[in-house]
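Colleague: Respectively, the protein sequence lines represent chains A and B.
Going letter by letter, the first sequence gives residues 1 to 292 in my numbering.
Going letter by letter, the second sequence gives residues 1 to 292 in my numbering.
Because the hints were derived from the structure by calculation, they are not lab data.
Do not rely on the hints blindly, as some may be mistaken.
[As the list claims (entries may be wrong)] Selected chain A positions facing chain B (Cβ under 7 angstroms, derived; list incomplete):
#, residue
1, P132
2, A176
3, K180
4, T200
[To be verified] Residues from chain B that face chain A, not an exhaustive set, calculated with beta carbons under 10 angstroms:
#, residue
5, S118
6, S131
7, G141
[To be verified] Chain B regions said to be covered by chain A (calculated; three or more residues, Cβ under 8 angstroms):
#, segment
8, 170-180
9, 199-210
Only a predicted model underlies this, so the values are computations on that prediction, with no experimental measurement involved.
Glycine included, every Cβ here is placed at the ideal spot set by N, Cα and C.
Protein chains: 2
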Amino acid sequence: MSSRACGRASVADTLSGKALAAEIRADVTERAAKLTAAGTTPSLAIVVATDDDGTLWYVRSIVKAAEKVGVTATIHTVEPPTAEAIGAKLTDLAADDSVHGVILQTPLPEGVSLTDLSHLLPAAKDIDGASPVSAGNLTLGLPAFAPATAQACMELLAHHGVELSGKRAVVLGRSAVVGKPVAQLLLQANATVTIAHSRTADLPAVARTAEVLVVAVGRADFVTDEHVAPGAVVVDVGTNTAADGSLVGDVAAASVEPVAGGLTPVPGGVGPVTTALLLRHAVSAAEGTFDR
Amino acid sequence: MSSRACGRASVADTLSGKALAAEIRADVTERAAKLTAAGTTPSLAIVVATDDDGTLWYVRSIVKAAEKVGVTATIHTVEPPTAEAIGAKLTDLAADDSVHGVILQTPLPEGVSLTDLSHLLPAAKDIDGASPVSAGNLTLGLPAFAPATAQACMELLAHHGVELSGKRAVVLGRSAVVGKPVAQLLLQANATVTIAHSRTADLPAVARTAEVLVVAVGRADFVTDEHVAPGAVVVDVGTNTAADGSLVGDVAAASVEPVAGGLTPVPGGVGPVTTALLLRHAVSAAEGTFDR
Chain A
1 MSSRACGRAS VADTLSGKAL AAEIRADVTE RAAKLTAAGT TPSLAIVVAT
51 DDDGTLWYVR SIVKAAEKVG VTATIHTVEP PTAEAIGAKL TDLAADDSVH
101 GVILQTPLPE GVSLTDLSHL LPAAKDIDGA SPVSAGNLTL GLPAFAPATA
151 QACMELLAHH GVELSGKRAV VLGRSAVVGK PVAQLLLQAN ATVTIAHSRT
201 ADLPAVARTA EVLVVAVGRA DFVTDEHVAP GAVVVDVGTN TAADGSLVGD
251 VAAASVEPVA GGLTPVPGGV GPVTTALLLR HAVSAAEGTF DR
Chain B
1 MSSRACGRAS VADTLSGKAL AAEIRADVTE RAAKLTAAGT TPSLAIVVAT
51 DDDGTLWYVR SIVKAAEKVG VTATIHTVEP PTAEAIGAKL TDLAADDSVH
101 GVILQTPLPE GVSLTDLSHL LPAAKDIDGA SPVSAGNLTL GLPAFAPATA
151 QACMELLAHH GVELSGKRAV VLGRSAVVGK PVAQLLLQAN ATVTIAHSRT
201 ADLPAVARTA EVLVVAVGRA DFVTDEHVAP GAVVVDVGTN TAADGSLVGD
251 VAAASVEPVA GGLTPVPGGV GPVTTALLLR HAVSAAEGTF DR
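So here's chain A without its partners, still in its complex pose (with noise of 0.2 angstroms):
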């Protein structure tokens, strides 16, 4: 962590992401060509619903990153975007042997959820720990796909040396695919773990017991320099689109970085890991294991 000079104000050390990510693609490559020699290219399909513009971009930035790893990405639009369609589509891609990795990417048409639809998606192709088995599976300790992103949150502590063992943990955000798979991967790494959310009382006062804080609320700025302890390590798993169209996190990195010890950057921090991760969890699959 940094060293303080006497004289200003300490600044946060930046947590990044992106060497982590080069490392992962690096092994990923290495991987997926020995498969690629061997008569299987490890491919992946992601199940795309919706016409919005920032999802089609993401979704588009997924198979840029997987063509130069060597692993096939595939997007399967459906529409129109009904339960039953995509219901239909995983279904399909479930019984297809050539794909060994699906991703079913929200956001999901109104009334059509996640949640309902993934226990589609058998645990081995599971790759980003969607289904409930697989986040049963996650929960027991036994073998499984987890979240990629609450996965990328592990990796890039462990990445900076960060220690966990012991310490308190405190975790802002309860979904199913960030807040709750990244709590308990905090708890088998055996930090003291507490999970606050939109009804906690003094969310600020929580937050400000965390030696390491995962934050992922889903709204810019949220986090300022009243919920992090001197020293705190902050990770930001926010991905908001500021008026002018940029990424942000969920921290306001300006008034937290004189009082953390770390902290994530938007963009390149969780982010490229995440995706780093899930073109892993893709060669994983192929392999016939999973990631973990």
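Fit chain B to the given chain A structure using the hints.
Modeller: Quick look at chain B alone, frame taken from chain A:
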């Protein structure tokens, strides 16, 4: 909660489970009678793979309790208790339409784990919420049988009017059967939830942040007044055998009672509610629904 008399030490309210268990049994009796009148007597199977006296006494007590409410309960002893033989028994019971609910009783023989076998139970028959699918559904908020002990903690708190929304709950223990599921249920009830465990630094201080403290550590007299904030409600999940053979909890009641606002007794607290809920789960399974 208790009104505090001047001039003498206040004493925690005793949060008995007996009246609640009786209420649940009355409901179960009525529903079981309706099912039986319609031609289907609800039935549960308990798979036992140990000759431990305490366990055999416990499963026989479930059978007796089941008989009283009109539920058929059968003990299936697996001999020799290998993983293969237990798995084969679970597979048989999963396929047997006359069996509505199945419990795989712990402890299991060395080298055999509940987690590795429980996936053989279909969620619809997994009335003690042991399987990965049940755990995942619980985490994702989908219909599922919760582990009966975890649910008993929640129903006991509700029965005694303990408000949870926005409150700070601390769970001591992170087992798959109690600590983790009760944390999920507390979170669903909008509590701010901390899970603490053997690796937690300064456990007493963490426990003292609780307005509701759930103790599931499996060690007699583990929790004392140093773990309890004044007025906190304490739920004692422990079922330890004392030197004289009596049942004792994880909480040193004499130490905690002057401090706590409420305390569940052992015996007579979580235990009877757990047994009653197992029977209710069996009836719900026979009705073709989940309990929650």
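Colleague: Which hints from the list above does the structure break, by number from lowest to highest?
Modeller: none
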